[in-house]
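There are 2 protein chains.
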Amino acid sequence: MATIKEVAQHAGVSVATVSRVVNKSGYVSVSLEERVRTAMRELNYKPSALARSLRRQVTQTIGVLVPQLDQPFFSTLAFAIEKTLFGQDYRALVCSSEESREKEDAYIDILLRQRVDGVVLAPTGHNTENIHRLVDGGVPVVIVDRNLPHVPVNRVLTTNYQGAWSGARHLIELGHCRIALIGSAPHSEAMNHRLEGARQALIEAGCPPPDDMVVVNTLPEFEHSYQSARRLLDRPPEKRPTAIFALNDVMAMGVYHAASELGLTLPDDLSVVGFDDIPAARYIVPGLTTVAQPIYQMGEAAALTLIRHIQDDSLPLETIELETRLVVRGSTAPMEPHR
Amino acid sequence: MATIKEVAQHAGVSVATVSRVVNKSGYVSVSLEERVRTAMRELNYKPSALARSLRRQVTQTIGVLVPQLDQPFFSTLAFAIEKTLFGQDYRALVCSSEESREKEDAYIDILLRQRVDGVVLAPTGHNTENIHRLVDGGVPVVIVDRNLPHVPVNRVLTTNYQGAWSGARHLIELGHCRIALIGSAPHSEAMNHRLEGARQALIEAGCPPPDDMVVVNTLPEFEHSYQSARRLLDRPPEKRPTAIFALNDVMAMGVYHAASELGLTLPDDLSVVGFDDIPAARYIVPGLTTVAQPIYQMGEAAALTLIRHIQDDSLPLETIELETRLVVRGSTAPMEPHR
DNA sequence: GCCAATAAAGTAATCGTTTTCATTATAGTA
DNA sequence: TACTATAATGAAAACGATTACTTTATTGGC
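Protein sequences appear in the order of chains Z and P. One point on numbering: in my numbering, the residue at position 133 of the first sequence is 133, and numbering is uninterrupted. One point on numbering: in my numbering, the residue at position 223 of the second sequence is 223, and numbering is uninterrupted.
Any given hint could turn out to be false.
For identical chains, the list gives no copy identity; a pair is met inside one copy or between any two copies.
[To be verified] Below, a list of computed lysine to aspartate or glutamate pairs in the EDC-like style, where the Cα atoms sit at most 16 angstroms apart:
(1) K46 x D136
(2) K46 x D105
(3) K83 x E300
(4) K83 x E98
(5) K103 x D89
(6) K239 x D269
Treat the hints as calculated values from the structure; they're not laboratory data. Fair warning: this is a prediction, and the values are worked out from it, not measured in the lab.
Given only the sequences and the hints, what does the whole structure look like? Please build it.
This is the structure:
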């Protein structure tokens, strides 16, 4: 791969002149500019981002660290971030920690070594020490989706509590009272807020969920939720919940699956509400009523906030809270009178 | 962020010694090593990957360029690649071309400038010129999922033709004959092979699909497929297909949706087969019968092949073909006798 | 006790850019 | 005409590592 030196030689000028042409900086006569441009073309010259970054002390690269790239919520988020960054002439180094503390730590180390200009982080929540390593290294950080207390970083969050409250409220208004909650990941603040919001709405309505109607799994995945739903639904009708609020959409799919296996039809025999509004929520039959997070806007806001803070390090830290919104589809229906 | 020079000063040694400690290369006495290590710890030293890459002329970074990061197939693929690379001490620069030729071109340019050691590419198929730019730049490439003729690169493909053949065959064996096909993206070789394979199976069985039973949309997405399925199914029963083979799972979801809107129940009124086996294929109700691609293995094979070719540039080009496999779930059933 | 390995450390060149500084030519101004 | 901006270029010093070369001690074999 040709270097700037070779281009300079080939055009019969100094490297400084080539650099000026490449960066459109300083003075360079039209005749020389022309010669340099043809030389670049002939040698198929691509300036080395490495050398440039080393000299300029900026990399135009952002670390994007999510817990699970193969989960719809996070892949959509990563996509939105990547797309926004591209428009602002930044690159994304996408990393997936697989909910593992070790891998998250390892990746943060790598991002520091790569001298990324900033990091968008959906933390596993296992610890905050590694985030301090970034902050101490002078790297601007914005955390997204999951909040972590006591770290001096920017935040893009959604109204998890209120969203869950309105999801539960929706079921109440449809006449349901025997409502089960399926949550997960005790170390995720977002999940905890959702649980609290939903529980609060039920308490307010005079339908406080007994302990056997609230399950909190270790992982927010299909399989766990499916198993939980089987246990919840495999009871005599008068003890069975008439509605289940799964605190993310993938878990709601687990409920669909369990219901179908037990011969229950949605929404007649069971109403289901999810959280997130991943694409599949619309695809599935019946369409999933869910508390939508504005995933795309979250990614966009995170990327733009980060860039703003990179370009002006005197900016005070920001917390952006985006609204969740209840999207009613076919998976919820009024409680049937005879129950 | 501390530099090697500062560490050297702080430890009272030369930079060469620090470098030797960092890389465990050459000789260094235990006493000095100890001093260097504490200096590194005290200054929170992280070697600059930029400077190292510049000097060593390798970046340990791989470009991963997919058409749509927010599509389940590609996010799972990217995840698998990223995970495999991490295990081999490589980083992934993940890029999403959004099926756009311009963005694909722009990203290839960026990858060249970033001096990535190699590229895994699921091409949009719009052109091959940009791939030649990579090859000419001496960058090892492996293309995955979609094939492109006449480019000297490695390939990881699946048996699209045979897979589609067996998917169609499955429907034939269940007694179906009025079978519609929904495909897309005329510029994707994978899709074309699937179409051919499916059509061939139908022809062999004496059920050649008439033109109005084969639709090829511009994009392989839910919405397009949903619209197509509406048109296919909104006919009198005797002209309506008894089965639809959608050539990817997301499109199969579109069929589910259309069927449900028209009051048809799966699999009694309509059998549906998909292609890919994305996670949602298992989640959805009824479970989607589909031709599974080994997505994870594809990503793994692509990453490992690439690394092998990076580490030994005398290796001949490889084409790896992985087997697709029919996974029968609840969306297909024998043709009811009365039809 | 001498010589050749080997161990241990440092000096300085190098990777490919950008950018400061210096130098010269040219044009504009008093 | 002399002087000062400004235009146009190049030389050379960074940026932060790695590594080829030196140099000096230390050890072991004879």
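These are the hints, each one checked on the structure:
| no. | hint | in the structure |
| --- | --- | --- |
| 1 | K46 x D136 | between (34 angstroms within a copy, 12 angstroms between copies) |
| 2 | K46 x D105 | between (34 angstroms within a copy, 14 angstroms between copies) |
| 3 | K83 x E300 | within (8 angstroms within a copy, 25 angstroms between copies) |
| 4 | K83 x E98 | between (22 angstroms within a copy, 9 angstroms between copies) |
| 5 | K103 x D89 | between (28 angstroms within a copy, 12 angstroms between copies) |
| 6 | K239 x D269 | within (13 angstroms within a copy, 34 angstroms between copies) |
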